[in-house]
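Residue numbers (this note's numbering), protein chains in the order written: chain A, 1 to 557; chain B, 1001 to 1163.
It is worth saying that the hints were derived from the structure and are not from the lab. Backbone N, C-alpha and C fix where the C-beta goes; we use that ideal spot for every residue, glycine too. Some hints here could point you the wrong way.
What the hints assert, rightly or not - Pairwise CB distance ranges (calculated):
1) B:Leu1020 to A:Ser28: 34 to 42 Å
2) A:Ala528 to B:Ser1059: 57 to 65 Å
3) B:Gln1133 to A:Ser277: 30 to 38 Å
4) A:Gln48 to B:Val1027: 48 to 56 Å
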Amino acid sequence: MYRYDEFDHTLVAERIATFRRQVQRRLSGDLTEDQFKPLRLMNGLYLQLHAYMLRVNIPYGCLSARQLRQLAYIARRYDRNFGHFTTRQNIQYNWIRLDETPDVLAALAEVEMNAMQSSGNCVRNITADQYAGRARDEVEDPRPWCELIRQWSILHPEFSYLPRKFKIAVSGAPVDRAAVKFHDVGLYLRRNADGVVGFEVIAGGGQGRLPYVGHTIRDWLPKEDLLSYLEAILRIYNLGGRRDNPQKARIKVQVNALGPDEFRRLVDEEWAQIRRSALLAVPRAEIERIAAYFADPAWEVLADDPVAVTRQRGVDPGFDDWYRANVVAHRTPGYAIVNLSLKAPGIAPGDLTADQMDKVADLADRFSIGELRVSHRQNLVFPDVRQGDLPALWQELRALSLATPNIGQLTDIIACPGLDFCSLANARAIPVAQDLSRHFGDAAVLQDVGELTINISGCMNACGHHHVGNIGILGVEKNGQEFYQLTLGGSSGEDASLGDRLGRSISAADVPPAIDAIVARYRALRLADERFLDTYRRVGIEPFKEAVYGARAREVA
Amino acid sequence: MGLVRGGSLVPDPFTDASSLGELPAGVPLIISLEQWQVRRDELLARGQPLGLRLRSDQSPTRIADDLAHFAVVALEFPKYRDGRAYTHARILKERLGYTGEIRAVGDVLQEQLHFMQRCGFNSFDVVAPDAEQAWRTVAGDHTVWYQATGDGRPRALDRRHRR
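Excised from the complex, chain A in its bound form (with noise of 0.2 Å):
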């Protein structure tokens, strides 16, 4: 993991302090809530229905057991003893109080993590794939490349005050676990005819109101050629992205309403003028500096398979469940990669108490090289367990709830805080994905559906990702009652697709028959071993519409 050198605390300490003295300027009344709220968001201090939300980063999702327990520390100490994984590798704390605010940066900053620019118009935390540096089918580590983003992007002169914030995830594998294409600028590192890494750039991608499927703007951009070409997309973005009508001033608007064609002339116009600045050079020295806290740890020499986890797979039934589900190959021998699965029946999703983080920080040094990583799908990652320690890290994780077997089916639900707690929703969010998961708690059930993703939104900003659910779920109010649209085939990976309107919006209460409905109807459809995907996109949404509103569905839609 990256760890902060001297001028990495000291730029840290400084904006603390210069935010302590803001902070103290708003408690004196010295300045209007108007004036304070830009400068706490940059801190990524909101203001929600009940209490201040403060948004911490998580980069690219790589966390230390160390981190964690500090985590756990503020969560008991300035909060009410949980925290919420948010869908970009965030940690949100729900009941911080402003003037203990500071104290909390304090904490955070004794762990090299802070919550700078996790709101705000400006660059936002960098995501990225959570199996980082351990999937079998990577190209390339995205890490450093992260690390180096996130630094270049931290108060940058420049493009502090964008028209809107600005989201950047970036994958090192093919299999795109990241979302990258529903990014501001999303980036794979890909191979070019040549053998040579570098990065396809995918720009104007979002979701909220208008989503988009991001644009390739670039098939492949040299690696040493990243911060300049970054550069010249934000600096089109600054001076041309729209700020009249902030629905409207996302990077996304831009890149359709010129087309991706003039937007991408306009970004190598800036970038022919810029490339060659030294402002921007990376010495090799840096890059290598960084690339050097992501090698590899001292993995043991094992053997795949070990006679431990093929005898338990015979004769328990639930941990072959959770070793089918949860899972993941490593690309060392030996060794695994598990998910924690932050969607136990009934809970809300992605979040974790104060106790649940100290045990899990103590399993991370136990089994994981003191090492976990955050997922965009709201679970935590094991990402170097010994393959025969899988069942005794089972057996400690049913222990703790963290061990249901759903990863990517049905249950790992994506959803937004909704109106629980958040000032914008239009309705809750958490309580369909708590019902959901209750209704669906069989796991043979969960296993012979597959791969299938719930998102579930409280409102049209969809922070919980609902265009891209395989069935996406977005809250909506009529004459004051809470009701709930659904949308089919969504997918946030490489074959990214918005999901389409099943039909007219129907009552909490309703949710789960009909989604009980659409699987059926799945399962009666699909061929062989195809999933849930597929099968749509191969039937269509007739069949769907007809199972969830009978026969009147074609009137009704």
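Given the coordinates of chain A, work out where chain B should sit on it, guided by the hints.
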């Protein structure tokens, strides 16, 4: 209110005539791009120093060939949230090679002074009861930064690898 330059309040020899129809005689003026385009010969004939005020939707590249006529280029922040002038200042200084006064005008708040300075602004029409105090308050906020700009100050990474 007041103009801060080099850390101190300084008198402003210029009169901002950019929104005036009648141009006051006998004083250095700051004028708009539109005034410059229409009254160029008249303005040059005055024999007084000139300044140009650009709105945030007016790129300095539009007057690249005329920059030698201006002692001041004032870049406007209609709202502090409108960050276009940061880019304009960098292009003015770093690309067009302008070495005169680059003045931040409009909604210029103390919290933005550091970023403005790093982008090439060297005078600031600060919105604060005591502009000099505002400057002093934030002057020591940052000693480390990750980006290089035309101000020549070394990045964290330059300092890392110098040793």
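Now for the hints, and whether the structure bears them out:
1. B:Leu1020 to A:Ser28: 34 to 42 Å: holds (40 Å)
2. A:Ala528 to B:Ser1059: 57 to 65 Å: holds (59 Å)
3. B:Gln1133 to A:Ser277: 30 to 38 Å: holds (36 Å)
4. A:Gln48 to B:Val1027: 48 to 56 Å: holds (53 Å)
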